Amino acid sequence: VEPISLFSRLYKRPFNEAFEETPMLVAVLTYVGYGVLTLFGYLRDFMRQWKIEKCQNATEREEQKDFVPLYQDFENFYTRNLYMRIRDSWNRPICSVPGAKVDMMERVSHDYNWTFTYTGRVIKDIINMGSYNYLGFAQKAGTCQEAAAKVLSQYGAGVCSTRQEMGNLDKHEELEKLVARFLGVESAMAYGMGFATNSMNIPALVGKGCLILSDELNHASLVLGARLSGATIRIFKHNNMQSLEKLLKDAIVHGQPRTRRPWKKILILVEGIYSMEGSIVRLPEVIALKKKYKSYLYLDEAHSIGALGPSGRGVVDYFGLNPEDVDIMMGTFTKSFGAAGGYIGGKKELIDYLRTYSHSAVYATSMSPPVVEQIITSVKCIMGEDGTTVGKARVQQLAENTRYFRRRLKEMGFIIYGNEDSPVVPLMLYMPAKIGAFGREMLKRNIGVVVVGFPATPIIESRARFCLSAAHTKEMLDRVSVSSGLSFAHAFYKQIQQLFFCRLVQCLVHKLLNLMFKVL
Amino acid sequence: MDIKHVKDYIYWLYYQYLLITCSYVLEPWERSMFHTITVTVFAMVVYTAYVFVPIHIRLAFEFFSQLFEGQPESTVS
Numbered sequence: 001v002e003p004i005s006l007f008s009r010l011y012k013r014p015f016n017e018a019f020e021e022t023p024m025l026v027a028v029l030t031y032v033g034y035g036v037l038t039l040f041g042y043l044r045d046f047m048r049q050w051k052i053e054k055c056q057n058a059t060e061r062e063e064q065k066d067f068v069p070l071y072q073d074f075e076n077f078y079t080r081n082l083y084m085r086i087r088d089s090w091n092r093p094i095c096s097v098p099g100a101k102v103d104m105m106e107r108v109s110h111d112y113n114w115t116f117t118y119t120g121r122v123i124k125d126i127i128n129m130g131s132y133n134y135l136g137f138a139q140k141a142g143t144c145q146e147a148a149a150k151v152l153s154q155y156g157a158g159v160c161s162t163r164q165e166m167g168n169l170d171k172h173e174e175l176e177k178l179v180a181r182f183l184g185v186e187s188a189m190a191y192g193m194g195f196a197t198n199s200m201n202i203p204a205l206v207g208k209g210c211l212i213l214s215d216e217l218n219h220a221s222l223v224l225g226a227r228l229s230g231a232t233i234r235i236f237k238h239n240n241m242q243s244l245e246k247l248l249k250d251a252i253v254h255g256q257p258r259t260r261r262p263w264k265k266i267l268i269l270v271e272g273i274y275s276m277e278g279s280i281v282r283l284p285e286v287i288a289l290k291k292k293y294k295s296y297l298y299l300d301e302a303h304s305i306g307a308l309g310p311s312g313r314g315v316v317d318y319f320g321l322n323p324e325d326v327d328i329m330m331g332t333f334t335k336s337f338g339a340a341g342g343y344i345g346g347k348k349e350l351i352d353y354l355r356t357y358s359h360s361a362v363y364a365t366s367m368s369p370p371v372v373e374q375i376i377t378s379v380k381c382i383m384g385e386d387g388t389t390v391g392k393a394r395v396q397q398l399a400e401n402t403r404y405f406r407r408r409l410k411e412m413g414f415i416i417y418g419n420e421d422s423p424v425v426p427l428m429l430y431m432p433a434k435i436g437a438f439g440r441e442m443l444k445r446n447i448g449v450v451v452v453g454f455p456a457t458p459i460i461e462s463r464a465r466f467c468l469s470a471a472h473t474k475e476m477l478d479r480v481s482v483s484s485g486l487s488f489a490h491a492f493y494k495q496i497q498q499l500f501f502c503r504l505v506q507c508l509v510h511k512l513l514n515l516m517f518k519v520l
Numbered sequence: 001m002d003i004k005h006v007k008d009y010i011y012w013l014y015y016q017y018l019l020i021t022c023s024y025v026l027e028p029w030e031r032s033m034f035h036t037i038t039v040t041v042f043a044m045v046v047y048t049a050y051v052f053v054p055i056h057i058r059l060a061f062e063f064f065s066q067l068f069e070g071q072p073e074s075t076v077s
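Those sequence lines, one after another, are chains A and B. Residue 1 is where the first sequence starts when you use full-length UniProt numbering, and the numbers rise one by one after that. Residue 1 is where the second sequence starts when you use full-length UniProt numbering, and the numbers rise one by one after that.
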């Protein structure tokens, strides 16, 4: 819970965000674990070098042995000695629509994850806690699917051109008008790929002589776009408004580094929900700062559009702010709408400029028509324009699921990062062996989770990330939390100092008995 | 039922040890090597503590008591 700040009058509802510090004992034990793995890594590298063991990873050819070494840095050492050992938790092949439950192809490895073979069996009905399916629109039956099938039979699947040439369909125009209406902005433009929306449009907006203030934990697409633009980049601490204000003040007072000229443009890059931390941006404060120092705001709502807000219109709706305060509203259709692609919304002059100058508009193929139809149908569903209350029910179900699931996991004693209202739930694991163990144990109990370690997170803060969905029922969430408790019965970090195992077993046994009685 | 409880508890402790020291991800021969080294070091630590700690405590106690009782004599002379 945050202390009362100067800006607290800007918030209409409580803003509860927590990033509990790593307990000291856990941090020490994590380093011990990494130390053991490093020693064994050196031993295995030694054996591979002296040909005692067969070398199965990539190495240079014999003729290149005297060149600058390619595989000696820490990342490659980490990959071949740690990542390979627990690799079976990633890249799992699924073979059905990634809804609330998913089917997965079973695979085994006989040489400790260097190669995999399929057994031929399909594991059915795995509870899917890893897909970005916040409103449950990833379905193979329903109004969205029927509309998309109809458009597929009408337009085909391929567009065979870019937006500027012959790829501008009437469906695209309809989609853009609808998205602009949904967001509450003047105009919008849709692109075929969410990553490309960020990385190809930021260079069109800023260039040399401009300043980009980017959050510490921004996504790779924003970082890539910022670097490609050639502007000066300064980083402020994650969601820290004092750090941002200090950078803004310094920028205005000192100007450009050598010439002291004022910056041409100052652009603040933030995200709506940060997917690794589950935190929500402090948008009221950012907008107040932006107005005070006369800079521009680029808001990336990849995970928050559709998932936050009473009517599902994203983080601006969640805080009750005016969409016209955000200069550039960017988002993706991949997460809440069950499709693929991205959009940028803003003033008409901005979008008309982007239609001509954005690399993505000029060179990238435009969106495929069935995908466009899926988005149109799902946006209409969320807005309630298709005549039903299905959209509103889904948004409310997601909010309920979020609150319930976070409360359950916190009661069990796990350390959960992030805001109370974000549907992305990172559960801290910390130790490297637990990354692999958690993924495997959950799969044994028919639950699919995404576990994340270095280099996507800091090296001691590895986590399991749950993505909640409106399609999850309460019973599914109960099963997931009980299974996390069982497969992770050592996760009671708050009690790890006391090691009261008997009380732990009692709690778990009580929960299991309750579940069994409910079932019976 | 109680025996099963105890056995489960011991297995759970072993699982914790595997996870905390990351020997869970090691191959079986690496795991045996790691267990051998750990058990050897632990046994040596226990033996050294058993043999030497009482003697060290007794000597330290004698040293400090001699220090405090020897003080009045040195100030007199």
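Calculated directly from the structure, the hints in this document are not laboratory data. All values reported here derive from a predicted model rather than from experimental measurement. Backbone N, C-alpha and C fix where the C-beta goes; we use that ideal spot for every residue, glycine too. Hints should not be assumed to be uniformly reliable.
Every beta carbon over 10 Å from chain A, so not counted as near; a handful from chain B, in silico [claimed, not checked]:
(1) 7
(2) 18
(3) 19
(4) 20
(5) 26
(6) 46
(7) 48
(8) 54
(9) 58
(10) 70
On the chain B side, residues computed to face chain A include the following (Cβ under 8 Å) [as the list claims (entries may be wrong)]:
(11) 25
(12) 27
(13) 56
Straight-line alpha carbon distances no greater than 30 Å define the calculated BS3-like cross-link-like pairs of lysine-lysine that follow [what the hints assert, rightly or not]:
(14) A:177 with A:237
(15) B:4 with A:444
(16) A:511 with B:7
(17) A:294 with A:264
(18) A:101 with A:410
(19) A:237 with A:12
(20) A:101 with A:140
(21) B:4 with A:208
(22) A:12 with A:264
(23) A:140 with A:410
(24) A:177 with A:249
(25) A:511 with B:4
How the hints compare with the structure:
no.: 1; hint: 7; verdict: holds (13 Å)
no.: 2; hint: 18; verdict: violated (7 Å)
no.: 3; hint: 19; verdict: violated (5 Å)
no.: 4; hint: 20; verdict: violated (5 Å)
no.: 5; hint: 26; verdict: violated (6 Å)
no.: 6; hint: 46; verdict: holds (19 Å)
no.: 7; hint: 48; verdict: holds (21 Å)
no.: 8; hint: 54; verdict: holds (28 Å)
no.: 9; hint: 58; verdict: holds (32 Å)
no.: 10; hint: 70; verdict: holds (42 Å)
no.: 11; hint: 25; verdict: holds (4 Å)
no.: 12; hint: 27; verdict: holds (6 Å)
no.: 13; hint: 56; verdict: violated (26 Å)
no.: 14; hint: A:177 with A:237; verdict: violated (36 Å)
no.: 15; hint: B:4 with A:444; verdict: holds (23 Å)
no.: 16; hint: A:511 with B:7; verdict: holds (22 Å)
no.: 17; hint: A:294 with A:264; verdict: holds (11 Å)
no.: 18; hint: A:101 with A:410; verdict: holds (24 Å)
no.: 19; hint: A:237 with A:12; verdict: holds (24 Å)
no.: 20; hint: A:101 with A:140; verdict: holds (12 Å)
no.: 21; hint: B:4 with A:208; verdict: violated (70 Å)
no.: 22; hint: A:12 with A:264; verdict: violated (34 Å)
no.: 23; hint: A:140 with A:410; verdict: violated (34 Å)
no.: 24; hint: A:177 with A:249; verdict: violated (38 Å)
no.: 25; hint: A:511 with B:4; verdict: holds (20 Å)
Checked against the numbered hints given earlier, the structure breaks hints 2, 3, 4, 5, 13, 14, 21, 22, 23, 24 and satisfies all the rest.
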